[in-house]
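Enquirer: Listed below are the residues making up each chain.
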Amino acid sequence: MVSTGNMLILEKSTPQRPGGLKQRVVSTLLYCTGEMQQLHTHMQDKFFLLQLAEWCLRGISRVILLNNPLSGALILAALLLESPWQALLGMLGLLASTFTAIIMGQDCEEVSSGLHGFNGMLVALLMGVFSSAGDWYWWLLLPACLGGAATTFLSSSLESVLGRWDLPVSVFPFNTVILLFLACTGTSNPYFPNYPAQPPGAPESTNHTKLHVPQLLQGVVLGVGQIFACETLGPSLLILGAVFIFSPILAVYALLGSGISTVAGLSMSVQHSFLYSGLSGFNGALGCMVVGAFYILSWRTHLLSIANALLSAYTDIALSNLLAVLGLPASSWAATLTGTLMLLLTGENLKEYRIPTGKVTSPEQNLHSHKQWSAANTNATDV
Amino acid sequence: MVSTGNMLILEKSTPQRPGGLKQRVVSTLLYCTGEMQQLHTHMQDKFFLLQLAEWCLRGISRVILLNNPLSGALILAALLLESPWQALLGMLGLLASTFTAIIMGQDCEEVSSGLHGFNGMLVALLMGVFSSAGDWYWWLLLPACLGGAATTFLSSSLESVLGRWDLPVSVFPFNTVILLFLACTGTSNPYFPNYPAQPPGAPESTNHTKLHVPQLLQGVVLGVGQIFACETLGPSLLILGAVFIFSPILAVYALLGSGISTVAGLSMSVQHSFLYSGLSGFNGALGCMVVGAFYILSWRTHLLSIANALLSAYTDIALSNLLAVLGLPASSWAATLTGTLMLLLTGENLKEYRIPTGKVTSPEQNLHSHKQWSAANTNATDV
Amino acid sequence: MVSTGNMLILEKSTPQRPGGLKQRVVSTLLYCTGEMQQLHTHMQDKFFLLQLAEWCLRGISRVILLNNPLSGALILAALLLESPWQALLGMLGLLASTFTAIIMGQDCEEVSSGLHGFNGMLVALLMGVFSSAGDWYWWLLLPACLGGAATTFLSSSLESVLGRWDLPVSVFPFNTVILLFLACTGTSNPYFPNYPAQPPGAPESTNHTKLHVPQLLQGVVLGVGQIFACETLGPSLLILGAVFIFSPILAVYALLGSGISTVAGLSMSVQHSFLYSGLSGFNGALGCMVVGAFYILSWRTHLLSIANALLSAYTDIALSNLLAVLGLPASSWAATLTGTLMLLLTGENLKEYRIPTGKVTSPEQNLHSHKQWSAANTNATDV
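Chains as they are written, first to last, in full-length UniProt numbering: chain H, 1 to 383; chain C, 1 to 383; chain S, 1 to 383.
Any given hint could be a false lead.
Chain copies aren't distinguished; within one or between two, either way the pair holds.
With a straight-line Cα cutoff of 20 Å, these simulated SDA-like cross-link-like pairs (lysine to any residue) come out [what the hints assert, rightly or not]: (1) 359 to 41; (2) 351 to 102; (3) 351 to 110; (4) 351 to 164; (5) 351 to 103; (6) 351 to 107.
No wet-lab data here; the hints were simulated from the structure.
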């Protein structure tokens, strides 16, 4: 499929007719979408720092199932807009985990496609979000580095286990490490105090007030931003744009999943603040996107992605309620667990659409390759 | 072994001497016991609704490790006697999960033997049992359907994982989904409120009163009924009868396990109400039956089933105490976990008695096949 | 490697020059260190009780990753010095689990090297430590026996699962069974009451007092003793001596890990009593030793053992805080989990140093065999 992808890009970038501004714009746009394999090939003989920058940007985009340095750059811009301090922490975690992977001798291809960075980045970012010590509390750089490195150990180990079932490591390391960090420090630690997590289902007097529909709709968009803990509209839209660059289909799925998840939240009478801030939406968005990324698009898998968004949303409410008893957030456990389940399904009607983990690219590319492959197969059968 | 089973049934149903009422009664009785493979073969060219009814009845009996539509019908009668509303919910969950399995294209043989229905049925049934909104609260049909469908996703996924060790999916999906549902809704949800779970080990003033032995003995029988959340004697006896039809050995194991489990409860000074209602007994009953169903009967495996009943009973008390902190019940986690452990044992003295998961039928049939096989082997060695 | 080991021992014990007291002392010392395979071979035709004694002593030493009956005897002496009652319980659990393994027909080689005893011993020992009913409470012998037997079931089952990834069963059974026992009985059980576990991170007024450095250093040594729940200096030193006999390298790692773990505790402002008693140190000590035992010594693996000590220490604080909410101790979950993760690492730079689980002996022996093997390989390449 990689070779098919390259072929496709060659076709795209070959100027059929020389000249024409429109032509060039289209060609540049096409160059920037999808996996940007061409850039990856270009960079291989460049200066190490430039290469590292590409790996890191890909790593940032990996969090939300993308693999595109431009998307990574857009998300980084969104994070800087949201909070420069948290963005700094995230970058530090990203570097820490990437360097740990290099030192440990992890597979070079994996490192360069950002697979060993995104968990570290999320851990460090969320440490900043949950810290109640305020911004620019420099001691936090220490756990950010250690936490980032720890995710690489977990990724490396989980790979051996999950690989048996052709499952991706996904954000399991992030979820584990952030939970351990928050359980380790707690809310009253003298060095690293954190905010306690609130249960979504707590009875609230304000819940009797009428639902504010525009805020609810904004919450759906914020749900996409909440994957990176962004709670404002601007950064969330930037992140949505980053998804759109890699794959318009995934962008639609992100919004769809967030919407379904918000409806699920309504059905369980979750606190309004959770709905408005997008906290109810982000697990559904991720759950919907996982199916979109790992299955070839068809009506059946479309229904599956809706089912997984629902499952993910309800699981998130359940886990949040449970973990809140211990003062801990459920982060993206729900989407990670249900997403992993979806990739294990054995039903004949779904199994044939499942893309092997190593061959997953953007849904558009997957669809294209699948059609070519099907056509080739039909021809072969005809002959 | 299937062919052996069929052979056996053919032997049984072949009328050696024509006529005789007693003969016919015996022949009918033999027809109804065991797996009723003959009925299964008969049904294959019948109307779809009739087939579906057979699948569903088999599904009901699967909960308690049986595979017999008549047992399923008896259990359904018991449920209707206990509470028509809960029986309705259970049937809805059963249909929801069976249809989800059909849509997902799960293995036809598995669906028709009821393997994709029993988890959905239990989830929906327990939703009704835990709901504090009263009977005939129609909104509950919605989560019953969704929960039923969710169990099929889990079954399908867990199959890929557990299949590696030749383990059955068992009631893992039910236990997971019901726990998530109860954690999601909680006790004060405005739409779906539930009763909170009580810890079995809570100190109680009534514990100082003398133990009422007849009630305790009744609790042992109720332990079998509690597998389907039945708390009255009539339905429990019907369920015990359903087990007896499929396999008298399993019926003995169910009572034995429930008894051992009650003794374990006494040794931990569990609340008397738990002992009298059978809540202390049902995990032990299931634990004992699992070994009875998956191992060929012998003195060694008999001891193993007693050991597993004990292990299951104590694990249930521990898990119930832990989950009660979160207001959740331990349902049948204990029996499912310890039963799964028992199927993984590597000891030479036990391993040879383990029946491969796909070949499990009734203990009587297993024993018969094993004897035939041993005899054949001995002959082969003699020659 | 076993043959290499025997060869090595033969070389050692062959008296090159007859006579000489010093010679004899050295020869005896060499005989007692490492795995003492020679004794094992000698014992094979001896009286059963003598053999059983050797198995049990090896079992005791297995807790702390050793395999040497003399180390086991030293540790037993330490336990008797600490508390004769707890030592008795431990021995009972050891015998219960060893006999269960024999009855179940577990692999003879495994039983005789003590692999099926150490979990039972730890469970029974810790039951005594946590019991608030005082010493010589004879009823505790019952759960000690049952708990010991239960660990054998768990070991046997987990072996099938973990064996797929060439992982040792380690102390998973102990951790599971002791957690279930404590959750089952609780603090107010009329028959088996226990002390509640305290969270390490609880805010304490005494934490404002100045740190007492000599006590802190003593805590580092006590950390090694705490692996066997020893809280006094004498037994801890004896246990450290037992480790030294088997392998000086492991003894250094034990102290190093305990020290790192104590520093980690300081960085999280753990209660001073935890630091002084060694409770903060023992998971780090175990974590450090696991890497030392399962990886060939080199600078890379040395760094890995430090990293694992840190990871293990922080995980322990997190788990202790979480489980303390339920009144339960984290025992050695942290070291067991992180140690297992370390054995799964896929990085090229570390994987080559990993010793297959079945071939692990003392670090010195491993290093020796590796050098011989490397030399042989180099020669082969040269030719």
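Enquirer: Determine for every hint whether it applies to the structure shown.
Expert: Here is how each hint holds up against the structure:
1. 359 to 41: For residue 359 and residue 41, only the intra-copy Cα distance (17 Å) is at most 20 Å; the inter-copy one is 43 Å.
2. 351 to 102: between (35 Å within a copy, 14 Å between copies)
3. 351 to 110: The answer is between: 17 Å across copies meets 20 Å, while 26 Å in one copy does not.
4. 351 to 164: both (17 Å within a copy, 18 Å between copies)
5. 351 to 103: between (37 Å within a copy, 13 Å between copies)
6. 351 to 107: Only across copies: residue 351 and residue 107 sit 12 Å apart there, 28 Å inside one copy, limit 20 Å.
Taken one by one, the earlier hints all hold for this structure without exception.
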